[in-house]
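Chemist: Could you build all of it, start to finish, from the sequences and the hints given here?
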Amino acid sequence: MSQIQERGSTHVYKVNKISREEMESMVARCVYEQPPFCSAACPLKLDVRAMLKAAADGNFKKALQLYEKIAPFPLILSQGCEAPCEGKCRLNEVGDGLAIREIERAVARYGEQFRLGSVFRTSKRHKTAVFGSGLFALLLAGELEKKAYPVTVFCEEADPEAYLRKAAPFLDESAFALELRRLKGKEIRFVCGCRLNAAFYEQQKPAFDVLCASDEVRARLFPDSVPVPELMICEAERLVSGPTEGVLGAAFGAKKAALTVDRLAQKLDPRNTRGQEGATDSALYTDLSEAKVLCRVAVPAGGYTKEQAIEEAGRCIQCHCEECLKSCAYLKHYKKHPGLLAREIYNNTQIIMGDHQLNKPMNACSLCGQCTVVCPNGFDMARVCHLARQNMVSTDKMPLAPHEFALLDMLFSNGDAFLARPQPGFASCRYVFFPGCQAAAIAPETVRAAYEDLCARLPGGVALMLGCCGAIADWAGRMEMAQQAHEFLDRELARLGDPIVIAGCPSCAKELREHGVKELRGIWDVLEEIGLPEGVHKLERPMALHDSCGARGDAATQASIRRLAASLGVRLTDTPYSGDRSPCCGYGGLAAYANPEVAGEMTEQCLERSDAPYISYCMACRDRFARKGRESKHILELCYGTDAGAPPDISEKRRNRLQLKRSLLQELWLEEPMERKLPYTLNWTDEAREMMDRRMILTEDVIAVLNGFRETGEAILEGESGLLVARRRLGNATFWIKFSREGENIYTVHRAWSHRMNVVKREG
Amino acid sequence: MAAEKNYYTIDPEGKLTCLKCGVPLVKGKAKFMYLDNGFPVELPVCPVCGFVYVPEELALGKVASVERALEDK
Ligand code: SF4
Ligand code: SF4
Ligand code: SF4
Ligand SMILES: [Zn+2]
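Residue numbers (the working numbering), protein chains in the order written: chain A, 1 to 764; chain B, 1 to 73.
Simulated from the structure, these hints should not be mistaken for lab results.
Source: prediction; values computed, not measured.
Errors might be hidden in some of the hints.
Below, a list of computed lysine to aspartate or glutamate pairs in the DMTMM-like style, where the Cα atoms sit at most 20 angstroms apart [stated by the list, open to error]:
| id | chain 1 | residue 1 | chain 2 | residue 2 |
| --- | --- | --- | --- | --- |
| 1 | A | K255 | A | E245 |
| 2 | A | K69 | A | D262 |
| 3 | A | K761 | B | D36 |
| 4 | B | K73 | A | E344 |
| 5 | B | K20 | A | E744 |
| 6 | B | K29 | A | E763 |
| 7 | A | K761 | B | D11 |
| 8 | A | K761 | B | E67 |
| 9 | A | K761 | B | E13 |
| 10 | B | K73 | A | E404 |
Modeler: Right under this line is the structure:
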């Protein structure tokens, strides 16, 4: 029996660094976190998308909370803002851009959010003062109050009402009344009727930590001062101030100035750690096909009603990139965009001690490469997950359990079930047919029919090689094992005289090509060339074609399969996500072994595309679709009129491979294979069979346990049921069976289970 | 000596017999070992030959979840 070395101790503390730069450059390809175009154009960085969503939901309170994050006086900003966001709205490309400012106005009016004076807030220690009036001064006082600085405003106006009037003369009466109420509700101390001259300034100065002024007052007090507009500060005078233009300009100026106040209060250089300020460009990708209502809701004289605002906000398509999440069931399952997931998986590989919580997601990706095709920037999640797996294997941190069954299956394919023979009557052959392990496991009769056909019709002889291409170890990230498999196949091919490989499976074709097999063709190409076998039935029925992920980027193969299907008479119904954009059936990347749940969702996602019967050209796809109850055919079944029937369970998949090898050896090569016959009769309850398939327990494992029992006589007798329980350690797991016995030679298995832990008796 | 901590205890209550030795299993000391970690447990054990019984529920329940937790260490 083949064995794979279990990983060593969990107490190994080492990691192999993947370069952070490489990871960051991979992660940066995902534009998911880029701001939408409207927000990028807004120097105040309003989360326009979220605000519009709240408004569209009729939640004006929440919308206003979002708007107030950038606007201490929402009516002022929404009435006066020049709204550069609107010009950048993506909807302009297909119709009217969103009326963002009108919605903001509605939000400001209907949001009804006034802080009731006495809400308990801890205020900051540093005292701030604002000298002068005007829009910038008002907005700066508002920003500072929002940041919880104690603020005192010194102004020449007689009262806050006059102050507000001067700052925002453009407000209509109802808006003015509302903003006045808002101003009075804020914790801003007003000292009115001041004469703002140098003496007054010097007199007040010692009482404050940070001083600010309107540009007018600054020019009056310090005619020679030079404000730095990016920082809104006169550095020599340590006075926060500067010129601004327009309403949005005043708001942006106030925002920059408030950040400068923060830095000064912390005794830091105001130039430091400011992050990216102001309007930017966005690299976000948006699928505009989602846009439906292309005309703006007309704005009545008094602004939108609530209903109109909801309707207009509802036109926002909530720009964000979801191309890969739409198409990949794995990303959908984890509800994370690849940029984020990739970073988390990268971090997972760098954990020296502790839980690797991302092992499961890392092993659930089918490495199919669909994301790279659908992503506007070619994000390659498969590479991220594959590299991460290799990395964990190299530091002995990769659990064997998720992949062991598949890896043992590969060893079985290239061990007991392996066969390499030249065509009978040929010393060496021009070709060798390599159907792939899954084809032999799932559709042995189809493999046999194809082989006999190729032998009969191809000149120069066709050898046969039954085995695994090594993709399984490759997918598991176990590159040494993969290399051993490739070297083994190389030697066997050399023994056959290095014939041209005819692959039966696109994933094998890809794996073999990538690992140095130079002359290789798909059986589909060969059949196209020599024509369909005689007596093939014309089908004349519609079917949906599922492109194999192994054929992604291989236009020639995809086209050849379509022509073959057409010459079989099949009418292919069009499915979304076909060709290079095709999703994986769930077998790829060993997803089906490591995470059956996610793999099942992948299969369903494939089947959602059409109600028609499916035709595929990879046996694993054929098998997984049939398991979900869909009529499913491999193209070779159609070519050869064979029917692989109901999907086999895991033990039948092994038996099929052995039997194919035995019967071919007997009938074609006239060799008498050693057939092992059990010296007893073995029966199963249905429950036991189903349980074994689910728990990945093979008939072979059960036989091994039973043989052990027959040798040692070791078992437990369960008093109540009268059943016997025996166990045996096989490789890295202990297998248990519960069975009944009639006489010495008839056994019926009732239950089977296994565990990986070793259990030993303890003294004392 | 302080009572030793056991991660799991099952008493066979006389319902299980060792086929080979013909004696009932008793509650006995055993140890699970996995990836260089060990856990003391009390399981049905044959007092004569030392056969340790791991019932199905235990294998699929507690044992499986500890295995998974250790695998991701
Ligand atoms: S398709 Fe996916 S990976 Fe690519 S940018 Fe969009 S969210 Fe990111
Ligand atoms: S559609 Fe919405 S999210 Fe996209 S740019 Fe326009 S307002 Fe912004
Ligand atoms: S399963 Fe395929 S499409 Fe999804 S992330 Fe992995 S490689 Fe990309
Ligand atoms: Zn015993």
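Chemist: Look at each hint and say if it fits the structure.
Modeler: Evaluation of the provided hints:
Restraint check for K255(A) and E245(A): satisfied, since their Cα atoms lie roughly 14 angstroms apart, inside the 20 angstroms limit. A C-alpha spacing of about 17 angstroms is found between K69(A) and D262(A), which places the hinted pair at or below 20 angstroms, so the restraint holds. Among the hinted pairs, K761(A) with D36(B) is consistent with the structure: their alpha-carbon atoms are about 16 angstroms apart, no more than 20 angstroms. For the hint pairing K73(B) with E344(A), the CA-to-CA distance comes to about 16 angstroms; that is within 20 angstroms, so the pair holds.
Simply put, K20(B) and E744(A) have alpha-carbon atoms about 15 angstroms apart, close enough for the 20 angstroms limit, and the pair holds. As the CA atoms of K29(B) and E763(A) are separated by approximately 7 angstroms, the hinted pair is consistent with the 20 angstroms bound. For the suggested pair K761(A) and D11(B), the alpha carbons sit about 15 angstroms apart, so the restraint of at most 20 angstroms is met. Distance check on the hinted pair: K761(A) and E67(B) sit about 19 angstroms apart at the alpha-carbon level, within 20 angstroms; holds.
For the hint pairing K761(A) with E13(B), the CA-to-CA distance comes to about 19 angstroms; that is within 20 angstroms, so the pair holds. A hinted pair counts as satisfied when its Cα atoms are at most 20 angstroms apart, and K73(B) with E404(A) qualifies at roughly 18 angstroms.
The structure fails none of the hints (numbered hints given earlier).
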